[in-house]
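Number of protein chains: 2
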Amino acid sequence: MEFIKIENGFSILVNGKKIITHTLERPWIYAGKGEATYDMFRGNFKIKDYLIEKVALDDFEVYKNVDGVIVTFSKRGLNSLKVLFTVEDERTVVKFLENPDKLNRLWLRIDAEKEEHIYGCGEQFSDFDLRGKNYPLWTSEQGVGRNKNTYITFKADERGNAGGDYYTTFFPQPTFVSSRKYYCHVDSSVYMDFDFSHEEFHELQIWGVPEKLIFETGETYVKLVGKLTGLLGKQPELPEWVYEGVWLGIQGGTEVVLNKLENALQKGLKVGGIWAQDWEGIRMTSFGKRLMWNWQWNKELYPKLDVKIKELRERGIRFLGYINPYIAVEGDLFKEASKRGYLAKNNNNEDYLVEFGEFYAGVVDFTIPEACEWYKGVIKKEMIDFGLSGWMADFGEYLPTDVILNNGVSAEIMHNAWPAIWAKINREAVEEAGKLQDVTFFMRAGYTGSQKYCTMMWAGDQNVDWSLDDGLASVIPAALSLGMTGWGLHHSDIGGYTTLFEMKRTKELFMRWAEMATFTAIMRTHEGNRPKDNWQFDSDKETLQHFAKMSRIYTTLKPYTKALVKENSETGVPVQRPLFMHYEQDKRAYDIKYEYLYGRDILVAPVYEPGKAVWKVYLPEDEWVHLWTGDVYRGGEIEVDVPLGKPAVFYRKASKYVEVFKALTEI
Amino acid sequence: MEFIKIENGFSILVNGKKIITHTLERPWIYAGKGEATYDMFRGNFKIKDYLIEKVALDDFEVYKNVDGVIVTFSKRGLNSLKVLFTVEDERTVVKFLENPDKLNRLWLRIDAEKEEHIYGCGEQFSDFDLRGKNYPLWTSEQGVGRNKNTYITFKADERGNAGGDYYTTFFPQPTFVSSRKYYCHVDSSVYMDFDFSHEEFHELQIWGVPEKLIFETGETYVKLVGKLTGLLGKQPELPEWVYEGVWLGIQGGTEVVLNKLENALQKGLKVGGIWAQDWEGIRMTSFGKRLMWNWQWNKELYPKLDVKIKELRERGIRFLGYINPYIAVEGDLFKEASKRGYLAKNNNNEDYLVEFGEFYAGVVDFTIPEACEWYKGVIKKEMIDFGLSGWMADFGEYLPTDVILNNGVSAEIMHNAWPAIWAKINREAVEEAGKLQDVTFFMRAGYTGSQKYCTMMWAGDQNVDWSLDDGLASVIPAALSLGMTGWGLHHSDIGGYTTLFEMKRTKELFMRWAEMATFTAIMRTHEGNRPKDNWQFDSDKETLQHFAKMSRIYTTLKPYTKALVKENSETGVPVQRPLFMHYEQDKRAYDIKYEYLYGRDILVAPVYEPGKAVWKVYLPEDEWVHLWTGDVYRGGEIEVDVPLGKPAVFYRKASKYVEVFKALTEI
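First to last, the protein sequences are chains A and B. Counting from 1, one number per residue, gives the positions in the first sequence under the UniProt record's numbering. Counting from 1, one number per residue, gives the positions in the second sequence under the UniProt record's numbering.
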């Protein structure tokens with residue numbers, strides 16, 4: 001870090017890159033006060049801010065001490081903030097030391113360049129390059145449709161504001177990577193809004209004074225992401241059994257599930273596991289079947305599951321379940337948690353109940369250490385000991401802002417932190433059971449900290465459609481933006497989940513989605529919220545054949561995929577990567593958001609539109625072999641045939657895995 | 001005005017009412033800077049503000065001089081504003097004297113009470129009592145649907161952001177009346193946003209430093225509105241011929257128009273005039289027929305119109321036309337205006353052309369005195385001398401913010417002022433022709449100044465539907481809010497105008513709308529933008545009979561209506577009045593937005609829902625005679641039968657017009 005005096009101000013340089021510039025005329029820091037209101041309905045938030053003051057803190061006093069440079073910013077002595085510019089563990093750190101005026105709104109300007117690209121901010125489904133817009137950072141339902149100009153979003157907005165928008169996400173994070181090759185991370189869980197729409201600066205709006213801002217540069221994006229994951233944490237390798245086939249998301253009880261499995265196996269499907277979300281029973285509501293939310297094996301729906309799990313395991317097929325951080329009021333767990341005082345409270349010091357659609361559930365208060373231990377105990381006893389090899393650790397993004405938590409911290413601040421805490425509970429349960437090499441869990445909600453606690457993300461609830469903002473395509477920028485946020489393992493519900501209004505999953509959508517999922521770390525299906533309206537993997541012979549073929553491609557790729565997952569665990573370089581990560585000189589690569597590199601050696605261009613026989617692909621300059629024809633391309637925009645079963649996939653001629661890739665064409 | 005010192009501050013009292021309170025802890029004035037962007041497409045605006053600073057100007061220095069009290073507000077000497085609190089013409093006036101720091105954003109807090117009601121802000125279609133929300137004040141298209149939760153609005157938003165919202169209006173005005181019985185008027189035409197959602201203060205956001213704020217109190221609402229119109233101006237009486245029957249909005253050429261007229265007259269319709277918007281010819285576009293926008297009699301479409309106008313006049317029927325402030329590029333007028341340099345310019349000093357849907361038009365620059373004289377000349381020669389007795393003076397709300405005007409003032413500032421300038425042009429043309437007793441014009445766009453220049457407003461372009469925000473019902477709060485803004489004459493297109501998507505005007509809607517219009521100053525029809533999709537006054541015999549009956553009720557009411565219009569011209573008390581205006585003690589009356597007093601003696605409760613045989617009416621305490629049955633009610637919530645042709649209308653038993661009212665039942 002360099003602190004350089006300039007006329008009427010100073011600049012902060014990180015490895016020679018000017019990141020912050022403050023002058024009397026163009027201050028870098030604005031501060032003030034605001035009063036926010038948060039309205040939440042089933043995970044969808046309406047957030048309003050009444051801004052009382054936003055004041056340029058142009059006055060500054062500088063002095064240096066052993067720690068670094070301390071600057072007190074103010075407006076003629078008012079609204080003062082004391083800030084330390086320092087280096088910690090080779091990182092440039094901006095620390096907020098004193099906030100005597102109790103300011104709760106900050107706007108920080110980071111130097112920008114006109115042609116700069118910005119990536120990250122967690123899991124972004126609509127945009128990959130974030131330059132040109134602002135991104136509120138608040139974990140929530142991702143929304144249905146996520147585009148105010150679509151009819152689906154309009155209809156969903158009629159239902160409790162459920163439509164979402166271009167920025168709504170389960171996994172936001174105040175972290176971005178600039179094409180100037182530095183990252184910026186804000187260490188705080190308050191509501192933020194990063195605005196990349198200004199030509200000369202990025203404005204980070206922060207509803208509170210954070211611990212610190214952290215900056216590092218990297219010579220390459222690979223090194224930069226490595227440094228970012230050095231800060232935030234990396235994911236462990238996945239259990240070996242993961243790579244043995246698809247995870248069938250099926251449900252309906254022991255008999256139904258096993259029948260589906262046997263049928264699929266007969267047709268040549270490679271199956272790694274059965275994921276049955278209803279392992280703990282169902283309830284009937286006017287919306288249809290819902291889960292019981294009392295995290296114990298339901299013997300009525302799944303008779304003999306304890307025995308069947310063992311039998312399946314001997315055949316190399318695992319069984320996975322489901323949990324979330326809520327417990328329904330009707331269950332034993334709720335009674336126990338309530339009695340022990342482990343539930344978050346409302347303003348009247350009663351257990352806070354969240355409405356989930358004709359039933360209510362309590363919120364386990366993870367700020368109480370004993371409550372965490374207890375919930376981990378539930379996971380260990382009811383799930384791991386029972387024989388589950390993994391589960392969906394659902395939700396995490398719903399924490400209402402008006403719950404009273406035991407640690408005394410406002411839920412407005414804990415809200416964003418909650419998904420990572422929920423991940424930590426799951427992770428510790430698995431680790432304490434000594435099962436990290438054998439058991440895994442996957443989440444949709446995330447925040448800073450998920451990197452080191454969660455074992456796998458899935459992309460949440462896509463629509464069962466082709467929409468850019470909420471369909472098949474949206475999963476690609478989601479994986480890539482998470483990759484730039486220090487998260488390297490991603491997958492999605494094959495065929496999408498949300499089935500509302502006139503939506504129905506088509507056969508073609510399922511097949512195209514399966515083709516994409518083949519080139520991710522995990523292949524997992526979901527029946528969707530209205531299974532009967534959706535085309536399923538076994539809806540006809542052709543689909544099952546196609547899916548079986550894809551599953552064999554996936555298992556055949558195992559050595560490569562496993563190596564990528566290992567590389568991610570060691571270096572933090574994500575499994576799915578943007579093209580520019582390995583082709584930094586290629587200007588066009590910075591704008592590609594619907595293709596990805598699957599590791600160093602494979603390029604995937606998923607077909608995300610219906611009815612396509614031919615697909616346009618952009619290839620950076622290299623020697624690319626088209627997987628199905630063996631044709632070699634040297635880069636540029638090309639077109640290839642994409643019949644079902646032969647997605648647009650290319651591998652590098654120089655790869656050491658060429659023999660593995662060639663074997664894929666034999667399947 | 002009283003200036004009272006309090007601890008760390010002062011209060012401003014107007015006739016004993018505390019209006020402004022400033023203390024170091026709770027300043028009344030915030031100021032700063034912002035950068036706005038205005039996107040306009042066919043009169044629909046997207047306005048964004050990047051707020052740079054909003055600073056509490058808590059520091060204050062007071063000194064008194066002969067003019068009043070001068071206070072310099074600042075933040076430790078920064079962001080200073082010098083303000084004079086004074087009295088001018090018995091009004092309390094807050095004058096902004098100096099703005100040395102060139103601040104362009106102001107937020108002023110007016111003391112509020114929790115139970116206070118707020119009315120005015122121009123023509124508000126969705127709300128009458130404005131307490132609880134904020135109202136951007138910017139003249140624009142009112143929007144199609146005006147409710148983001150409706151499908152119509154969603155569809156319209158797909159077409160160039162045309163859906164509107166609860167606050168979009170052709171006629172905004174920075175003026176409100178409080179139930180604390182004072183008015184507040186801001187003398188400026190910059191963009192403003194009045195926020196009445198806070199419990200303890202109203203916040204007036206002003207994008208610039210205004211000339212002044214003006215306050216007056218009144219013992220009664222009648223007196224208060226009188227004072228407000230004393231400030232803003234009053235409308236003259238309407239020409240005598242106006243009351244002789246309906247104005248038929250018909251078009252299609254001399255023969256078509258006269259045939260429709262003769263047919264209507266035969267069926268007993270009382271006709272005051274023909275309003276033919278296409279008197280100046282039409283053009284064909286892919287959207288359908290559009291007008292020529294070259295303001296001269298079109299002899300091809302209207303052969304012998306010069307003679308026919310005279311013949312009609314002898315029979316007591318007037319002929320009205322249409323004009324707007326744009327001139328199409330193909331016409332003679334454009335060529336002339338361009339040659340003379342009377343058109344507003346673009347950044348390249350070329351004539352600015354506005355796209356209106358497959359044709360372009362120039363903007364006559366009304367900041368050039370010679371251009372005004374020239375356009376008035378066009379009106380006088382081509383319209384008044386030709387024999388027109390009136391016209392729709394359309395548009396006024398479209399002035400793009402990026403035109404370059406001759407007076408050097410930013411179009412961002414002139415935009416809101418434009419409708420009143422357009423009114424002034426028309427008014428002066430009529431007055432200079434010496435025809436104010438014989439010729440009238442009606443407008444949809446308005447702003448401060450319209451009160452003294454315009455002769456009649458109409459409610460703009462309602463949907464041909466029953467929607468609350470943009471259908472029949474919306475016209476009622478529109479009339480009432482304008483009444484509280486100092487505007488007393490209102491009418492609407494009978495049956496509505498906008499016919500898009502699946503909308504079609506039904507027979508019932510036309511009839512209910514006609515019933516309401518009977519009890520307004522003017523009855524005028526419009527075929528709508530898709531005449532063939534809409535039920536018209538002559539679509540069947542029953543409709544024409546019903547309409548004829550309503551027209552006779554209207555003409556029979558003439559002595560009463562005429563007296564109301566006269567009263568408005570003398571005292572400023574509007575023709576259509578909210579119930580609380582004459583029943584101040586009735587708390588419930590302050591919430592009634594879909595009924596109105598038609599003058600002192602008639603109460604109208606329009607049926608604004610389809611399929612209603614019975615209608616609920618709220619009556620303030622008085623002796624009310626139901627028009628059709630003669631039943632007397634003493635107030636409260638009642639139900640009456642409302643068969644078609646017998647709208648829910650009541651008159652005061654104590655009225656001196658009882659004999660006139662009784663005569664209505666004989667028709």
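Hints were generated in silico from the structure; no laboratory data involved. Hints should not be assumed to be uniformly reliable.
Where chains are identical, the list cannot tell them apart; a pair therefore holds if satisfied intra-copy or between any two copies.
Taking lysine-lysine and the DSS-like style, the derived pairs with C-alpha atoms no more than 30 Å apart in a straight line are [said to hold, decoys possible]:
no.	residue 1	residue 2
1	K18	K304
2	K46	K114
3	K46	K212
4	K114	K380
5	K653	K381
6	K155	K299
7	K558	K662
8	K33	K46
9	K310	K48
10	K48	K33
11	K64	K17
12	K435	K299
13	K541	K380
14	K155	K48
15	K616	K304
Each hint tested on the structure:
1. K18 with K304: neither (64 Å within a copy, 77 Å between copies)
2. K46 with K114: Result: close only across copies, 24 Å inter versus 32 Å intra.
3. K46 with K212: within (27 Å within a copy, 36 Å between copies)
4. K114 with K380: The answer is neither: 52 Å in one copy and 54 Å across copies each exceed 30 Å.
5. K653 with K381: Intra 49 Å, inter 82 Å, cutoff 30 Å: neither.
6. K155 with K299: Neither. Shortest intra-copy (39 Å) and inter-copy (50 Å) distances fail the 30 Å Cα cut-off.
7. K558 with K662: within (14 Å within a copy, 93 Å between copies)
8. K33 with K46: Both: 19 Å inside a chain and 27 Å across chains, each within 30 Å.
9. K310 with K48: neither (52 Å within a copy, 61 Å between copies)
10. K48 with K33: both (14 Å within a copy, 21 Å between copies)
11. K64 with K17: within (21 Å within a copy, 55 Å between copies)
12. K435 with K299: within (25 Å within a copy, 92 Å between copies)
13. K541 with K380: neither (40 Å within a copy, 81 Å between copies)
14. K155 with K48: both (22 Å within a copy, 26 Å between copies)
15. K616 with K304: neither (51 Å within a copy, 64 Å between copies)
The structure is inconsistent with the numbered hints 1, 4, 5, 6, 9, 13 and 15, although it conforms to all the rest.
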